[in-house]
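Trainee: As a plain string of letters, each chain reads:
There are 2 protein chains.
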Amino acid sequence: MLKIALDAMGGDNAPGMVLEAIQKACQIHPTTEFILFGDERLIGPQLSQMPSQLKKAVEFIPTTEVIGPDVKPSAAVRGYRNSSMYRAIKSVVDGQAQGVVSAGNTGAYMALSMLNFKTVASISRPAIATLIPTMKGASVMLDLGANVSCDAGNLVQFAVMGSVFAKFVLGLQKPSIGLLNIGSEDLKGHDVIKEAARILKEADNLNFVGFVEGDDIAKGTVDVIVTDGFTGNVALKTAEGVARMFATFMRQSFESSWLTKLGYLLARKPFLELKQRLDPRLHDGAIFIGLNHVAIKSHGGTDGVGFANAIGVAINTLQNQLNRHIVAELNRFTEMNDIIGVSS
Amino acid sequence: MLKIALDAMGGDNAPGMVLEAIQKACQIHPTTEFILFGDERLIGPQLSQMPSQLKKAVEFIPTTEVIGPDVKPSAAVRGYRNSSMYRAIKSVVDGQAQGVVSAGNTGAYMALSMLNFKTVASISRPAIATLIPTMKGASVMLDLGANVSCDAGNLVQFAVMGSVFAKFVLGLQKPSIGLLNIGSEDLKGHDVIKEAARILKEADNLNFVGFVEGDDIAKGTVDVIVTDGFTGNVALKTAEGVARMFATFMRQSFESSWLTKLGYLLARKPFLELKQRLDPRLHDGAIFIGLNHVAIKSHGGTDGVGFANAIGVAINTLQNQLNRHIVAELNRFTEMNDIIGVSS
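So the protein lines, in turn, are chains S and H. Numbering of the first sequence is given in my numbering, commencing with residue 3 and proceeding in unit increments. Numbering of the second sequence is given in my numbering, commencing with residue 3 and proceeding in unit increments.
The reader is advised that the hints may include incorrect statements.
Any copy, or any two copies together, can satisfy a pair, since identical chains are not distinguished.
Unchecked claim - Here are the computed lysine-lysine pairs in the DSBU-like style, where the Cα-Cα straight-line distance is at most 30 Å:
hint	residue 1	residue 2
1	Lys196	Lys221
2	Lys58	Lys169
3	Lys196	Lys169
4	Lys169	Lys138
5	Lys263	Lys277
6	Lys221	Lys74
7	Lys271	Lys221
8	Lys196	Lys120
9	Lys190	Lys92
10	Lys221	Lys58
11	Lys169	Lys277
12	Lys138	Lys277
13	Lys263	Lys190
14	Lys190	Lys120
15	Lys5	Lys196
16	Lys138	Lys221
These aren't lab readings, by the way, just hints derived from the structure by calculation.
Construct the entire structure; sequences and hints are all you get.
Mentor: This is the structure in structure tokens:
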């Protein structure tokens, strides 16, 4: 029986969307239970209207503080002891829940998760990893913003963690790994990624294919795209922006006249399928990978569908025992490095 | 009367697409002349079949070497003295042409252009700048790959150059400028962009609006997006990849059944307009900004339409006397900095 802690106050549409998400999640994962942390005045009335069988799956713990979007990570870790986010994280440390999901302030959430969960032994920095839709299906991408700058060792560890994540979430035997660069030739890029590539090339247990470029992300050239948090965050948000632009232009095109509206009626089936396939809400749920417990970040602007998907990622991650596999893989990697004399 | 030097051997589809581009460019810019550098065996026969009035506009100079896509910049600057790319650049230095266009090896082209054209006084590093389509129209983005890492002074100079470029190419009075970051709050990002932001905030003659994020690129939040060459290159290529993915999915959707094909017949008008509006070939032509002469880079995989557009960018840049305006703006900026005591 899994129990997931939910920060009901994080995100633009909280707490309404969190309660909506619980209802959806309970249908898909009927054996999972939830502990909900948030403002009683806002949540109490909505909670009381829930069907009684749902209520049974939800334990509500009132909290009085909220870590807003403008709170600095440094401030978040010093105070806010009765905030929904802190209490949700703490409930995992205390063994009341196995994982936590929040759509709140990313920097604060990462800082509090790191401080309370600690990094997996031999991991120096956790990363933010997520699935992104591609021409071929989906790829794992990390880091998406936890580490503004990275050294070669960080990138190598991200590659190992991303590979394990892709194995279990995408069901791949030996996920291909690419390092994001500005050219596929070995001579391109800065020293940190060249050094990371050198180490990864010698790792027999990883399927490292070399450097990939920005357009390889959507192409699905590799299963795991590894990059520093600055580049990864910019690339992911750039992709989201272009996707939104296309979606808007497509809608405008179909709505531009009665003729195009009629055209849409005829052509809508594959377009609705396409819309669903690329729906960002169905890719909601980034994992703070490299920590001893499962912390999932839902998109700040998400709704009930997206947050429910993020809950699904938490459940999936726990059921697959991702952390145990990461530790095992890192140990294998470290042993291999000891043998070939490479320090990561 | 303008004369443009063309590297006929650069790019995947050279020299055929260059000759095709000349024909298109001559129609749009009837008073412009061209000097074409390339392999006589490949170009001679095609050139002789051109209409005689076109031939008049084209001077052909045979060259024997080609700087291929795998040639390192360091090797390109040491040899290749009879290559089409080097000779085209040299013809500008010698005053035979006013600007050069190539779709060849970017690194070699930038290195040769820097070495032969030199940077504009007070510019420490040139950048690669281009127009990108957005929800609102188009924005200028730089650097797209000339400088893998940048200091704050580089980014400030890119902002000044990008602003001048946007003024003349987009016809804006006071283009808004944003620094690409992983959050819009002042506390986010690394020290280099924080320092650049601090300097830009004090520059009264620039319309600096602060940090922007990846999704602001497609939104068109600012007229000029400033970033280092690594991030800019990844972001631009990521955007291109997502755009291509959407274009493919849209085509597949319309082609999936006779019903959707019929739907397309009815709805095609705005979709064809959209296709044209986002056609990457119509945004082909990146400028090596900050050099004493005009060097335009066309996309390596471009065709005649794209290369003709890049020729148009060269002509436009020369007619607008972009370099003269950049020098004037930089001087103003330097004076202002002397007054407020900021070193860029």
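Trainee: Going through the earlier hints one by one, which of them does the structure break, listed in rising order?
Mentor: As far as the earlier hints go, 2, 10, 13 and 15 are violated by this structure, in ascending order.
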